[in-house]
Amino acid sequence: MPKGKAKEVARAETSSLALQLSKKRRITGDAIFANLNRASGIAVIALLIAMIWFVLSEATPSLRHYGIFSFFHTRWAPSEASLASSSPNPYGIVQFIYGTAIVSIIAMVISVPVGVGVALFISEVCPKKLKKTLTTLTELLAAVPSVVYGFWGIAVLVPALRPAAGFMENTLAKIPGVGGFFEGPFFGFSILAASVVLSIMVLPTVIAISREVFSTVPRDHREAAIALGGTRWEVIRTAVLPYSRSGVVGASFLGLGRALGETIAVTMVIGNSVLGISWSILGQGATLASVIANEFTEANQPFHIESLFVAGFALMILTLVVNVIARVIVARMGAATGRAS
Amino acid sequence: MKRVSVDAVSAYFGAHKAVEDVSMVIEPARVTALIGPSGCGKSTLIRTINRLHEVVPGARIEGTVHLDEIDIYGESIDPVLVRRQIGMVFQRPNPFPTMSIYDNVASGLRLNRVKNKDTLDSAVERSLKLAGLWDEVSSRLNNPGGGLSGGQQQRLCIARAIAVEPAVLLMDEPCSALDPISTLKIEDLIHELKERYTIVIVTHNMQQAARVSDVTAFFTIAGAGEPGRLIEMDETSKIFTNPGDERTEAYVTGRFG
Ligand SMILES: Nc1ncnc2c1ncn2[C@@H]1O[C@H](COP(=O)(O)OP(=O)(O)OP(=O)(O)O)[C@@H](O)[C@H]1O
Ligand SMILES: [Mg+2]
Numbered sequence: 001m002p003k004g005k006a007k008e009v010a011r012a013e014t015s016s017l018a019l020q021l022s023k024k025r026r027i028t029g030d031a032i033f034a035n036l037n038r039a040s041g042i043a044v045i046a047l048l049i050a051m052i053w054f055v056l057s058e059a060t061p062s063l064r065h066y067g068i069f070s071f072f073h074t075r076w077a078p079s080e081a082s083l084a085s086s087s088p089n090p091y092g093i094v095q096f097i098y099g100t101a102i103v104s105i106i107a108m109v110i111s112v113p114v115g116v117g118v119a120l121f122i123s124e125v126c127p128k129k130l131k132k133t134l135t136t137l138t139e140l141l142a143a144v145p146s147v148v149y150g151f152w153g154i155a156v157l158v159p160a161l162r163p164a165a166g167f168m169e170n171t172l173a174k175i176p177g178v179g180g181f182f183e184g185p186f187f188g189f190s191i192l193a194a195s196v197v198l199s200i201m202v203l204p205t206v207i208a209i210s211r212e213v214f215s216t217v218p219r220d221h222r223e224a225a226i227a228l229g230g231t232r233w234e235v236i237r238t239a240v241l242p243y244s245r246s247g248v249v250g251a252s253f254l255g256l257g258r259a260l261g262e263t264i265a266v267t268m269v270i271g272n273s274v275l276g277i278s279w280s281i282l283g284q285g286a287t288l289a290s291v292i293a294n295e296f297t298e299a300n301q302p303f304h305i306e307s308l309f310v311a312g313f314a315l316m317i318l319t320l321v322v323n324v325i326a327r328v329i330v331a332r333m334g335a336a337t338g339r340a341s
Numbered sequence: 001m002k003r004v005s006v007d008a009v010s011a012y013f014g015a016h017k018a019v020e021d022v023s024m025v026i027e028p029a030r031v032t033a034l035i036g037p038s039g040c041g042k043s044t045l046i047r048t049i050n051r052l053h054e055v056v057p058g059a060r061i062e063g064t065v066h067l068d069e070i071d072i073y074g075e076s077i078d079p080v081l082v083r084r085q086i087g088m089v090f091q092r093p094n095p096f097p098t099m100s101i102y103d104n105v106a107s108g109l110r111l112n113r114v115k116n117k118d119t120l121d122s123a124v125e126r127s128l129k130l131a132g133l134w135d136e137v138s139s140r141l142n143n144p145g146g147g148l149s150g151g152q153q154q155r156l157c158i159a160r161a162i163a164v165e166p167a168v169l170l171m172d173e174p175c176s177a178l179d180p181i182s183t184l185k186i187e188d189l190i191h192e193l194k195e196r197y198t199i200v201i202v203t204h205n206m207q208q209a210a211r212v213s214d215v216t217a218f219f220t221i222a223g224a225g226e227p228g229r230l231i232e233m234d235e236t237s238k239i240f241t242n243p244g245d246e247r248t249e250a251y252v253t254g255r256f257g
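Chains as they are written, first to last, in my numbering: chain E, 1 to 341; chain D, 1 to 257.
Honestly, the hints are just simulated from the structure, not real lab data.
Accuracy of the hints is not assured; some may be wrong.
What the hints assert, rightly or not - Simulated pairs of lysine-lysine, DSBU-like, Cα-Cα distance not exceeding 30 Å:
id : chain 1 : residue 1 : chain 2 : residue 2
1  : E       : K128      : D       : K17
2  : E       : K131      : D       : K17
3  : D       : K17       : D       : K2
4  : E       : K129      : D       : K17
Produce the complete structure using the sequences and hints provided.
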């Protein structure tokens with residue numbers, strides 16, 4: 001072989017090796033993926049900002065007319081609104097914020113323990129055959145339309161709550177300090193009824209995510225607890241629950257996110273009382289979402305629609321804040337337990 | 001310290017027979033090593049001794065296992081209480097990751113309803129010292145167990161297992177995920193523990209078996225899908241220098257497996 005040719009071959013070989021190892025090979029694929037990722041991320045954020053912007057701009061005339069801080073009281077009386085006067089502001093929204101918060105909190109107090117319990121039963125205790133049936137059933141629960149829960153609330157739950165309400169009036173209401181939360185009279189449609197309906201509606205979310213979380217507990221941890229002589233419950237307590245803590249908190253907050261915005265079923269059973277705060281859970285109330293659903297189609301008073309948008313804006317902010325808090329808590333717990341989730 | 005008698009044990013995973021007809025007597029105050037090629041059923045057999053085999057769905061055994069004169073598979077026996085008598089250390093370190101170092105070691109005692117703080121404190125200190133971990137962790141007992149190195153985690157698991165003073169200690173390849181120094185520490189520990197416990201150790205490391213054990217049992221499988229069988233069991237020195245079966249000789253001299 002002539003000398004020149006050998007050199008050429010050698011160079012060709014090195015250059016093809018260089019090609020194989022070249023950054024570009026990997027980068028093209030990675031770059032497409034990274035850009036796609038970035039683009040969809042930006043799109044989501046843009047959409048969110050656009051929504052907030054839209055709601056805020058619809059609310060602006062009312063905010064301008066009355067001033068932001070004048071909305072922080074507890075009386076909502078559209079019929080008293082007039083174009084001419086801006087004081088007093090008839091559109092107070094604090095009772096709706098309170099209603100949203102209390103209904104969601106009670107719903108979570110009921111559904112988190114029940115949901116985690118059901119998820120534990122399905123994933124840790126029940127026989128294999130029953131497992132599938134139960135899982136499907138809980139999933140079906142999620143597929144029931146909101147309005148059907150509302151009907152169920154009216155037809156079944158409200159009458160069924162009567163004895164419970166009677167019990168609260170007669171006993172819990174007498175406890176000094178917290179008694180006010182359980183005072184009568186009870187007319188059926190109530191904060192309590194809305195909370196119970198809501199708790200059932202968020203149950204599938206809590207169950208599904210908790211189950212998912214429990215199934216990620218490594219076999220090693222379970223067997224460590226079993227080998228130490230743990231009973232079924234002790235295995236759950238020492239190996240399953242600690243490992244799942246951050247996931248279960250995440251599940252709860254996702255449920256809460258759903259509860260905050262849930263509209264139709266709540267509107268149907270909460271009583272839609274807009275003139276003040278009922279501290280008693282047996283009383284009637286309204287949430288930010290329910291007042292919007294209830295009044296939007298017939299909002300004909302001055303600044304009525306615009307003020308409903310103010311309520312909508314408050315709901316968005318509340319939901320955002322809860323989601324951010326949830327993320328922070330989950331991230332903290334994940335860091336503390338040494339695993340991301 | 002108790003004697004473990006395995007009698008005609010066969011272990012199944014569903015229809016698959018993983019171990020066939022194993023009989024052996026494991027003497028107290030001695031270290032018994034189980035050796036053999038991968039898949040020959042060493043882990044499966046060791047897990048029949050603390051009734052951990054049966055927690056795998058579909059798994060079951062035939063035959064009996066006695067702890068001294070008690071049949072641990074007897075009608076009236078609670079497997080949970082059997083496991084409290086028999087400690088186990090797994091191949092992969094598995095401390096409870098969110099629990100503190102202290103709570104990890106105390107977890108077995110707490111399962112046994114020990115609540116007294118002084119008792120727990122002294123048991124934790126004694127176990128960690130025995131496991132050779134005390135000096136490294138005594139200043140941070142409240143840190144999570146998941147934050148230790150692999151070797152430290154394994155010694156933490158040993159401390160957890162011995163904290164309840166079990167009659168028998170089962171170790172399934174306790175050093176396979178560890179560096180040579182951690183391995184030596186654990187081997188030293190086994191020597192110390194031998195006086196108080198009946199120890200069974202599974203190992204793939206021939207030198208380790210030779211170093212730590214008094215008695216060695218050799219298992220093998222005839223082929224894929226076949227069950228594992230006990231070929232022979234004898235004094236370790238005999239197994240490594242003058243085994244009775246040529247399959248054993250082939251394995252310990254490295255010509256097989
Ligand atoms: N959970 C399980 N389900 C089904 N089969 C299993 C299970 N665990 C083990 N087996 C089977 O049982 C047989 C024995 O496995 P075992 O883990 O006891 O072997 P081993 O001797 O411990 O191997 P190694 O040295 O690799 O740990 C193998 O054929 C394996 O495939
Ligand atoms: Mg094994």
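So which hints don't hold here, by number, going up? none
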